[in-house]
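Protein chains in written order, with the UniProt record's numbering: chain C, 1 to 387; chain F, 1 to 387; chain Z, 1 to 387.
Among these hints, one or two may not hold up.
Because identical chains cannot be distinguished in the list, a pair is counted as satisfied if it fits within a single copy or across any two copies.
To be verified - DSS-like cross-link-like pairs, simulated, lysine-lysine; straight-line CA separation at most 25 angstroms:
#: 1; residue 1: Lys-276; residue 2: Lys-200
#: 2; residue 1: Lys-72; residue 2: Lys-25
#: 3; residue 1: Lys-316; residue 2: Lys-25
#: 4; residue 1: Lys-234; residue 2: Lys-160
#: 5; residue 1: Lys-234; residue 2: Lys-200
#: 6; residue 1: Lys-276; residue 2: Lys-316
#: 7; residue 1: Lys-137; residue 2: Lys-154
#: 8; residue 1: Lys-140; residue 2: Lys-72
The hints are simulated quantities; they were obtained by calculation from the structure and are not laboratory data.
Small disclaimer: the values here were computed from a predicted structure and weren't measured.
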Amino acid sequence: MAQDKGCGASLCQCFFEYETPKILKIRSRKVGTVNRLIQAVIIAYVIGYVYVLKRGYQDTDSVLSSVTTKVKGIALTNSSDLGLRIWDVADYVIPPQEDSSFFVLTNLIITPNQTQTRCPEVPSPSSLCTSDSDCTKGFKDMRGNGVRTGKCVKYSDTIKTCEVLAWCPLEIDREPPEPPMLADAENFTVLIKNNIRYPKFNFNKRNILPHINKTYLTQCIYNATTDPDCPIFKLKDIVEGAKEDFQTMAVHGGVMGIQIRWDCDLDMPTSWCVPKYTFRRLDNKDPENTVAPGYNFRFAKYYKSGDDVETRTLIKGFGIRFDVMVFGKAGKFSIVPMLLNIGAGLALLGLVTVVCDWIVLTFMTKRNQYKVEKFSYVDEFKLLSQE
Amino acid sequence: MAQDKGCGASLCQCFFEYETPKILKIRSRKVGTVNRLIQAVIIAYVIGYVYVLKRGYQDTDSVLSSVTTKVKGIALTNSSDLGLRIWDVADYVIPPQEDSSFFVLTNLIITPNQTQTRCPEVPSPSSLCTSDSDCTKGFKDMRGNGVRTGKCVKYSDTIKTCEVLAWCPLEIDREPPEPPMLADAENFTVLIKNNIRYPKFNFNKRNILPHINKTYLTQCIYNATTDPDCPIFKLKDIVEGAKEDFQTMAVHGGVMGIQIRWDCDLDMPTSWCVPKYTFRRLDNKDPENTVAPGYNFRFAKYYKSGDDVETRTLIKGFGIRFDVMVFGKAGKFSIVPMLLNIGAGLALLGLVTVVCDWIVLTFMTKRNQYKVEKFSYVDEFKLLSQE
Amino acid sequence: MAQDKGCGASLCQCFFEYETPKILKIRSRKVGTVNRLIQAVIIAYVIGYVYVLKRGYQDTDSVLSSVTTKVKGIALTNSSDLGLRIWDVADYVIPPQEDSSFFVLTNLIITPNQTQTRCPEVPSPSSLCTSDSDCTKGFKDMRGNGVRTGKCVKYSDTIKTCEVLAWCPLEIDREPPEPPMLADAENFTVLIKNNIRYPKFNFNKRNILPHINKTYLTQCIYNATTDPDCPIFKLKDIVEGAKEDFQTMAVHGGVMGIQIRWDCDLDMPTSWCVPKYTFRRLDNKDPENTVAPGYNFRFAKYYKSGDDVETRTLIKGFGIRFDVMVFGKAGKFSIVPMLLNIGAGLALLGLVTVVCDWIVLTFMTKRNQYKVEKFSYVDEFKLLSQE
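Bound-form chain C, shown alone (with noise of 0.2 angstroms):
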C-alpha cells in the first residue's frame, strides 16, 4: 500500500482520485434476510406512497377559477302586509350579483311606510319611562333605533316609552314567521357557470362539459346518481345534500357552502377531468348553543312620495347565502419532481444500513467477530505512548 502525501502532491493526480468506501460483506442468513426485508418495507413504501399514492413523479399546480351564478324560480307569498304578492329573481336575490357567492332570500319581516319622524321607542328594559326625565334628550342607545327627544310618550295602553327620532313606524322585533314566507324557495334552481384554469400547465376546462347540449341544459337537475354533470341544482337538494332540512333552515337563514373539487390527473385523458360536488352548511346549527342563529340583514327599498318626503319599507331579510368552493390541484408528468423523489428515497436506503448494524452488532451470536472485521481502531493515547 503506498504512502500518501496527501492531494497536495499532484493536482493531476488528485483530480482522478476517486473515493470509494470499503466494505464489509457479511453473508449470513439472519442479517441478510433483516436486511433484504427492510429494503423491500423501503422500496414499497416509496413506490407505494411516494409514486402510486402522492404521484411523486408529478409537477402539480393549484386551482385558478371564476364562477358565476343564475337562479331561476318564482315564489308567492300571501300576507297581510303585501296581500298576494310574487317574488321573482330580481326581487330574492340580494345584491343582485356577486363573486362566487349568492343570497335567496326565503323569511322576511317586513315594516312599510317607514318616515323619518317621531315615535315611541320599542319596549325594552332601557326604554321604558314614567316621565320625561327619564328620556335624555339626544341619547343613542346603541342597541335602539333612534336619537331620544327627551319625551316620555305611550307606546301602548299600559306601557309608555321613550319618545325617539327615527324612521317610524318602528320595526317590531319579533321571531321570523314560521313556515317562512317564501317556502317555494326550495324549489328554485340555480346554474353554476365554474371555469378553471391550471396556469402551470396551459389547461383550461368548465363545469359544463362539452357532451352537454343545449336541450339537456333547459331540462337537466343535478343527481349525484343519475345526472352528475348537470351543472343546475334545486336549491332543495342542495340543502338536502348537506343532511340539513331546506324548510327548518329557511325560517332564520343560513350559510350554505357548495365545493367543487377538480382533481385531474393531466397525463390521463382531459376527459377524465371532472368536477365533483359536495355540499356542505357552513355556519354553525349547534342545537344546544342558539345564541345568534342563521343569517339575517336589513335592507330598505326607498320611496318618494307626491310631496317629496321620503318613504322607505324596511326588510329585515331571513335567507341562505350560497357560498361556492372551488378546490383542486393538478399534475402532470415532470422530470425534476421524479429525481428529486428517487432520491430521496435512495437517502432512505441509507437508513437499512444503520438499523442493520444495529441489529448485527448487538443481538447477532457472532457479533464480536464481525466487530473485528468491520472496526480498526487509533488511539491516541497508545499513539502518544508509542512515541
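We have chain C already, so just place chains F and Z on it with the hints.
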C-alpha cells in the same frame, strides 16, 4: 490492532471515540473523470437550480392584498323605451362597491312599469293553451314568470297562453341588442388601488408607486410599453390585452381577470419590486359550444306611484365582471433555508459514490482488483465450519 | 479472506449478503469532543427546531372559513340639504350583505333631485368656453359628467361652460365635510360570526365559544385584555387597534383588515383552540404621497315623480370597508411526517462525519497516522506497471 470490548468497556473511552468510514482511494483516469463529472453536474444543479433559479437561500412569504376600484366614464343610449339617456357610474356599476371585483353594465333589456297583476304568459310549449282546462290554477312553471290563475287568455291575435299572476307586463325573452346599448363602455377607465403586504418581512407597498404624482395620475392611461406603472386602465385595453374584442364581448357579457403579480426579491432595492399587470378572459367563449354564454343577471328599480301601488323597472343587465386577482411571492435571505439547502445539496453528493461504484465494479477492466481492495468478507457458513 | 466472483456466483448467496462500511474508530480527546459537540448541536436543532417549534411530528391542514357580519347602531346628521336625519343599518351598510366584508358609510356628498336634462358643465380647463364653437356637439369628456350639446352657457355670473346632457344638477366636486357627517359611526358595533373547519381532521369550531351565553352576548364589547372572546366589536376599537384615528379616517374613508387567526394544536384540548383578533389598516395613508386617498364610491337612489319622470339622489359615499381575513393552521400527530422528519434528522447526522473528517485530516498533529489507517489506495498507473 487492539481487541475491543465495545463501548461498555469504559464510558469515558466511548465518549471520545470517533467513527469514520475507511476509504479506498482509486487513482484512475476513467473513474476519476466520471466521478468529477457527476460531482460537477450535481454542484451545477444545486447552485444553478436551487440557488439561482429557486433562490433557495431565501425565506419566502405569500402576498396579502387589498384592492379598491373606481370606474369613470359616461355613456349615451338612445332607445325607443328610454329616449336619449345618460348613464354614469352610479347607473352602470352594480352593486356600487364590491371586494376585489367590479361589474360594468354594457347591454340591457329593459321592461319598465311592471306591477303585480295578471297577464298572459310568454308563449312556450308549456304555456300555450286552447281552453282554461289546460291551465292548472296555482301551478308555478319553474321556467315561467308567475303563478297560473287557471285562465286561458289571448296573448296575440293568433296565440292563447295561460294567464299568470306576475310582474306584468312580462319581459319578452329576446336576444340582447347588437351593437350593445352601452357601446361607449369601452372608453370607461378604472383606477385600481392595490396595497400589498408581506407580513413575514413587514414589507408594504402599493401600486401607486412613489414617483407617481397627482398630475400624472389625472391624465395617464396604462399601456404595457409606454405607461406600465399607471394604475388607470381603459376597459377596452383590458379586454384587448386578453385578445378579445370589446364590442363582441359587451353584447352577452363575460368575466375578465385582471392579474397583478408582485414577485419581489427583497434582497434587492425595494424600488425593483413593482407590479406586473396581465389580462385574461375567465369565462368560456368556445364558439362551438355556446350553451349559456356570457354573463347577465336581472335586477329592478322599485317605485311607488301616487296611489301607493308599487311598480318596478326590470332590467336584464349584460356586462363584464372584472375580477382583480393579486399574486406574489417575496424572498429574503435567511440562514435556516440556506442551511437546509446546503444540507440537501451535500446529501445529493453522496449519490456520486453510488453511481461511480456501479461503473467501477461493472465496466472497468480492472474491476476484480478493485473488488479485492474494496470488499472484505465475513461468511457465516465459513465461520461455522471453522468452529 | 475469500476471493469473490460477485453476486453472479450464486443468487442465493447474494440474497443473504449484507454490506456494511468498514469503520475506523479514532479515540482522541480532541476529535471525540468535536464529534460529540457537532452531534449535540444537530440533535438539539432537530429536536428544538423541527419537533418543538415546527412540530414536525404533526400533519397540518389549512383553515376553511365562513364569515357573516351584522352591524348595529344609529347615527344622526344635521345638514342644510337633509335637515335632521337618522341613519340606521339599512341606510349606511352598502350593499346590505357581502361575503367576508362589510362597508360602513361615514361621510357623504349628496346631490338630490337629479333628472336627465341639460345644464352647464362643472368648470374645468376643458369645459370652459367663450362661444358655442368651443363646445363640440356629442363630445364626451371622460372626466366630465355628460355629453356636450354644442352650446356654451352661463355657469355663473362670470364663467361660461359647455352645456351637457346629464343627470342635472351636477354634483359639485368638493372636499368631503370635516368632521364627517356620520361621526357617530365610531360607536357602531359589529357582530362577527366566524365558523371554521379543518377538513383533514374533521374539526369544526366557531368564534362564539361554548362558554358564551345569550346574556353575555347582548352586552359584551371586545377588548383585547378584558373581553378577548367577545365577537362584538366597536368600530372605533377596530380602527384604534390599528393605531389609526377613527374621525380622521372617516373623512376620506379607507380599508381596514380584521384578521382572525386560528392556530390550533389538535393534540391539545380543543378548548385551547381559540381565535385571536388583530386589526390593520390595509390601504395606504402615507401622508406625503396623498394621490387618490381613502375609499369612496358613488351610488344613487331612484325615484319616479307623479308625471313619470325619473329622478335620483346621487350620493358620493366615503366610508370604511372592513375585510374579515381568516388565517390558521392546525396540526395533529401523524406517523408519516414524524418518520420523514426522523429520517431527515438522521441524514443530517451524516454531516457530522464530513465535518469531523475535515478537522481530523487537516488540523490534527497526528493526521498522517490517521490517513494511513483511513485510506487504502489502488493506483491505476501502478496496476498497469505491475502487469
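Here is what the structure says about each hint:
For a Cα distance limit of 25 angstroms, the shortest separation of Lys-276 from Lys-200 qualifies both inside one copy, at 22 angstroms, and across copies, at 18 angstroms. Taking the closest pair of Cα atoms, Lys-72 and Lys-25 never come within 25 angstroms of each other, the shortest separation being 77 angstroms inside a single copy and 80 angstroms across copies. Proximity of Lys-316 to Lys-25 under the C-alpha cut-off of 25 angstroms is found in neither arrangement, the shortest distances being 83 angstroms within a copy and 82 angstroms between copies. For the homomeric pair Lys-234 and Lys-160, neither the shortest alpha-carbon distance inside one copy (49 angstroms) nor that between copies (30 angstroms) is at most 25 angstroms.
When the C-alpha separation of Lys-234 and Lys-200 is checked against a cutoff of 25 angstroms, the pair qualifies neither within a copy, at 35 angstroms, nor between copies, at 28 angstroms. In this assembly of identical chains, the alpha carbons of Lys-276 and Lys-316 never lie at most 25 angstroms apart, being 35 angstroms within a copy and 31 angstroms across copies at closest. Taking identical chains as interchangeable, the C-alpha atoms of Lys-137 and Lys-154 lie at most 25 angstroms apart only when both belong to the same chain, with a minimum of 17 angstroms there against 47 angstroms between chains. Proximity of Lys-140 to Lys-72 under the C-alpha cut-off of 25 angstroms is restricted to the inter-copy arrangement: shortest distance 12 angstroms between copies versus 42 angstroms within a copy.
Hint violations for this structure: numbers 2, 3, 4, 5 and 6, all remaining hints satisfied.
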